[in-house]
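Each chain is listed here by its residues.
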Amino acid sequence: MFDFITDEHRMIQDAAREFAQKEIAPIAAHFDETGDFPLDTVRKMGALGFMGIEVPEIYGGAGLDTLAYVLALEEICKVDASHGVIMSVNNSLFAHGLVKYGTEAQKQRYLKPVASGQKIGAYSLTEPMSGSDAGNMRTRATLSADGSHYLLNGRKSWVTSAPYADTIVVFMMTAPEKKHKGVTAFIVEADQPGFARGKKEPKLGIRASATSEIMFEDYRCPVENRLGEEGEGFKIAMTVLDAGRIGIASQALGIAEACLAASISYARERVAFGQPIGQFQMIQQKLADMACRVEASRLLIYQAALTKMAAAQTGQRYTLEASMAKLFASDTANYCATEAVQIHGGMGYSQELPLERYFRDAKITQIYEGTNEIQRMVIARNLTGL
Amino acid sequence: MRIVVCIKQIFDPETIKISRSQQAIDERGARKIMNPPDRWALDAALRFKEADPSIEVIALSLGEPEVEDVLREALALGCDRAILLSDAAIVKARTAGLAQIIAAAIKRLRNVQLVMTGHMALDTGSGTLGPRLAIELGDWPVLLSVDQLRLEHGHVTGLQYADEKYYDSSYPLPAVATVLQTPEHPRYPHGAEIINAYRVRNVEIWSSLALGVDPTALPAPTTGRQLRLPPARQMGFIVEGSPQEAAQTLVAMLRARRVI
Ligand SMILES: Cc1cc2nc3c(=O)[nH]c(=O)nc-3n(C[C@H](O)[C@H](O)[C@H](O)COP(=O)(O)OP(=O)(O)OC[C@H]3O[C@@H](n4cnc5c(N)ncnc54)[C@H](O)[C@@H]3O)c2cc1C
Numbered sequence: 001m002f003d004f005i006t007d008e009h010r011m012i013q014d015a016a017r018e019f020a021q022k023e024i025a026p027i028a029a030h031f032d033e034t035g036d037f038p039l040d041t042v043r044k045m046g047a048l049g050f051m052g053i054e055v056p057e058i059y060g061g062a063g064l065d066t067l068a069y070v071l072a073l074e075e076i077c078k079v080d081a082s083h084g085v086i087m088s089v090n091n092s093l094f095a096h097g098l099v100k101y102g103t104e105a106q107k108q109r110y111l112k113p114v115a116s117g118q119k120i121g122a123y124s125l126t127e128p129m130s131g132s133d134a135g136n137m138r139t140r141a142t143l144s145a146d147g148s149h150y151l152l153n154g155r156k157s158w159v160t161s162a163p164y165a166d167t168i169v170v171f172m173m174t175a176p177e178k179k180h181k182g183v184t185a186f187i188v189e190a191d192q193p194g195f196a197r198g199k200k201e202p203k204l205g206i207r208a209s210a211t212s213e214i215m216f217e218d219y220r221c222p223v224e225n226r227l228g229e230e231g232e233g234f235k236i237a238m239t240v241l242d243a244g245r246i247g248i249a250s251q252a253l254g255i256a257e258a259c260l261a262a263s264i265s266y267a268r269e270r271v272a273f274g275q276p277i278g279q280f281q282m283i284q285q286k287l288a289d290m291a292c293r294v295e296a297s298r299l300l301i302y303q304a305a306l307t308k309m310a311a312a313q314t315g316q317r318y319t320l321e322a323s324m325a326k327l328f329a330s331d332t333a334n335y336c337a338t339e340a341v342q343i344h345g346g347m348g349y350s351q352e353l354p355l356e357r358y359f360r361d362a363k364i365t366q367i368y369e370g371t372n373e374i375q376r377m378v379i380a381r382n383l384t385g386l
Numbered sequence: 001m002r003i004v005v006c007i008k009q010i011f012d013p014e015t016i017k018i019s020r021s022q023q024a025i026d027e028r029g030a031r032k033i034m035n036p037p038d039r040w041a042l043d044a045a046l047r048f049k050e051a052d053p054s055i056e057v058i059a060l061s062l063g064e065p066e067v068e069d070v071l072r073e074a075l076a077l078g079c080d081r082a083i084l085l086s087d088a089a090i091v092k093a094r095t096a097g098l099a100q101i102i103a104a105a106i107k108r109l110r111n112v113q114l115v116m117t118g119h120m121a122l123d124t125g126s127g128t129l130g131p132r133l134a135i136e137l138g139d140w141p142v143l144l145s146v147d148q149l150r151l152e153h154g155h156v157t158g159l160q161y162a163d164e165k166y167y168d169s170s171y172p173l174p175a176v177a178t179v180l181q182t183p184e185h186p187r188y189p190h191g192a193e194i195i196n197a198y199r200v201r202n203v204e205i206w207s208s209l210a211l212g213v214d215p216t217a218l219p220a221p222t223t224g225r226q227l228r229l230p231p232a233r234q235m236g237f238i239v240e241g242s243p244q245e246a247a248q249t250l251v252a253m254l255r256a257r258r259v260i
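Chains A and B, in that order, give the protein sequences.
Mapping of the first sequence onto the numbering used here: residues 1 to 386, in sequence order.
Mapping of the second sequence onto the numbering used here: residues 1 to 260, in sequence order.
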């Protein structure tokens, strides 16, 4: 039916599915409970090319396309959304930015080890006082008098993978008076002086993914490590988020599908009032609505992925398609998770089954990489031009 | 030297639905995969190749053109060559005929010292291909259901599993080995190798004509008569009470049913 999905895509999807089921499924509940970082499986994913799926082979990646990326990510997230977000940030928020805006030297030095999974990448836009209003940053980067380096200062918050990241793309103000146009992007090495990580944030869901603040105190960033031009940072941040949102949409789709699959089998097996609960109309309605929304999410994600692939030739943005996919798929994940817990009754609430984990994990997809309020704003602005 | 790994494509058992009312397998929407035991055999062969790069590993399969997918997977996993035996006559061949065709292909390849395959195909569960091939190849020794396979001093050595015991066995090459699935999972293909398997590498297609065999003349010593599901299992029950009481109740029940 979808003839843009080739045998090649299917094979990467199969490999991801098998990897997720064999390697991640048995450990997902444990890492969710302890909140530890699953470094072992993340490294294994790297060895298979999953940490740099769209990155050209010469830069350590697998050289596949966006469809391969969303198909693989969906399979990982069907089993565990935490592994999914680690993969998504590494691929879309870190690697994609370097592929698009990095110099040859930056790609060799920073992209290669991250795309091949030997090192972990992160992306840091949010600050304690600026989230949705990302242009309103307090962090400052000042160019030295001799023009050789920038001094980075301030605090960034909510950085996915920061506790384990080796390299982080960080956005800071270089010219505060210019607001959005005064933001610049930097490639930061986490083992240099002047850089510190905060403690891991305790979280509701995606607990195996580690998130923390990062602090800068006169961190010396050589000019060679500036990503793009001075003042280009906000554009870079937003362009990269377009790619990121397709990833988060796939993460949400994976969660939704896991909820639907569990609900279908429970509805067939669980008997109440002498019949399988799947024979009650109220349960049927939930299943039907879940299935339709899952399929609609999938189509929006394919549309966004195909638009991004076309954009690689034309250089156009795919903001609208990415936002729509992220918005709808994340709402779907939350709808499906809520109904899946409901269909499972008391068992849905129990830690014996993964449903309560899906329920906790689903929520984040409506918050990060632009809250759904922001997505609606982006979509409406695109529609009205206002 | 060359190692040939025989690979079968089967329906993923997790994706087929079984209809009790129809007494049939519903294959619609089912996914096709490499027979898992063959995947283990391939993995073992690739490990030999890692230890000795002069070894050439060739994946071989037989069937419809779509079987090519598992061979591409084998290429992505690290095989040197992949050969599909396929034409209108070949795809109709069964059991004994099948072994003859595969053996003809192996003979064509020359210098094949070891033929490996899974200990059985999960769809038919017969496990007869290995022994049949050994006969067709000229009574080669065969290691059945083997684990910890090693190649040393012109011999193939391993632990053969039979009757719930392992037998330490060793045979001179050339030989056939059917490989057990072990808990350690075989390798996964790297994304970049998947691309190469489709865009750069190629699956060779061999026909029966090229092999000089006439599949229609090959014997079919067995034929399937009927596919039937095992009877539905009865619900079990738990014998309650203290261990002593429970044991007494259980013995009484078994007596009543004349089991003991
Ligand atoms: C687990 C986790 C991981 C994260 N990972 C990263 C990361 O790797 N890198 C990174 O940079 N950031 C990351 N974030 C930050 C995340 O992107 C922000 O939390 C998010 O953008 C929202 O910003 P905020 O928390 O400041 O909320 P606020 O912006 O303060 O928003 C609060 C509420 O107000 C609403 N709101 C705000 N503005 C408007 C408006 N104009 N119209 C209508 N409603 C509005 C929001 O939708 C929200 O409901 C992460 C966050 C979490 C929780």
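Everything labelled a hint here was simulated from the structure, so no lab data went into it.
This one's a predicted model, so the numbers in the text were calculated from it and none came from an experiment.
All residues carry an ideal CB built from backbone N, CA and C; glycine is no exception.
There could be a bad hint or two in this list.
Just a sample of chain B residues kept apart from chain A, beta carbon distances all over 12 angstroms, derived [claimed, not checked]:
| id | residue |
| --- | --- |
| 1 | A24 |
| 2 | I33 |
| 3 | F48 |
| 4 | A51 |
| 5 | V70 |
| 6 | D87 |
| 7 | R108 |
| 8 | Y171 |
| 9 | A175 |
| 10 | G191 |
| 11 | Q234 |
Per the computed footprint, the stretches of chain A lying under chain B, defined by three or more beta-carbons under 8 angstroms from a beta-carbon of chain B, are [claimed, not checked]:
| id | region |
| --- | --- |
| 12 | 25-38 |
| 13 | 57-63 |
| 14 | 232-241 |
Status of each hint after checking the structure:
1. A24: 19 angstroms, holds
2. I33: At roughly 7 angstroms from the nearest Cβ of chain A, B/I33 sits no farther out than 12 angstroms, so the non-interface label is violated.
3. F48: Fine: 21 angstroms to the nearest Cβ keeps B/F48 off the interface.
4. A51: With a cut-off of 12 angstroms, B/A51 remains clear of chain A, as the shortest Cβ separation is near 20 angstroms.
5. V70: Not fine: 10 angstroms to the nearest Cβ puts B/V70 too close to chain A.
6. D87: Holds, because the least Cβ-Cβ distance between B/D87 and chain A comes to about 21 angstroms, which exceeds 12 angstroms.
7. R108: 27 angstroms, holds
8. Y171: 32 angstroms, holds
9. A175: 30 angstroms, holds
10. G191: B/G191 is in fact no farther than 12 angstroms from some Cβ atom of chain A, at 3 angstroms.
11. Q234: 17 angstroms, holds
12. 25-38: With 0 residues close enough to chain B, the hint is violated.
13. 57-63: With 4 residues closer than 8 angstroms to chain B, the region 57-63 of chain A meets the three-residue bar; holds.
14. 232-241: Violated, because only 0 residues of the region 232-241 of chain A bring their Cβ atoms closer than 8 angstroms to Cβ atoms of chain B.
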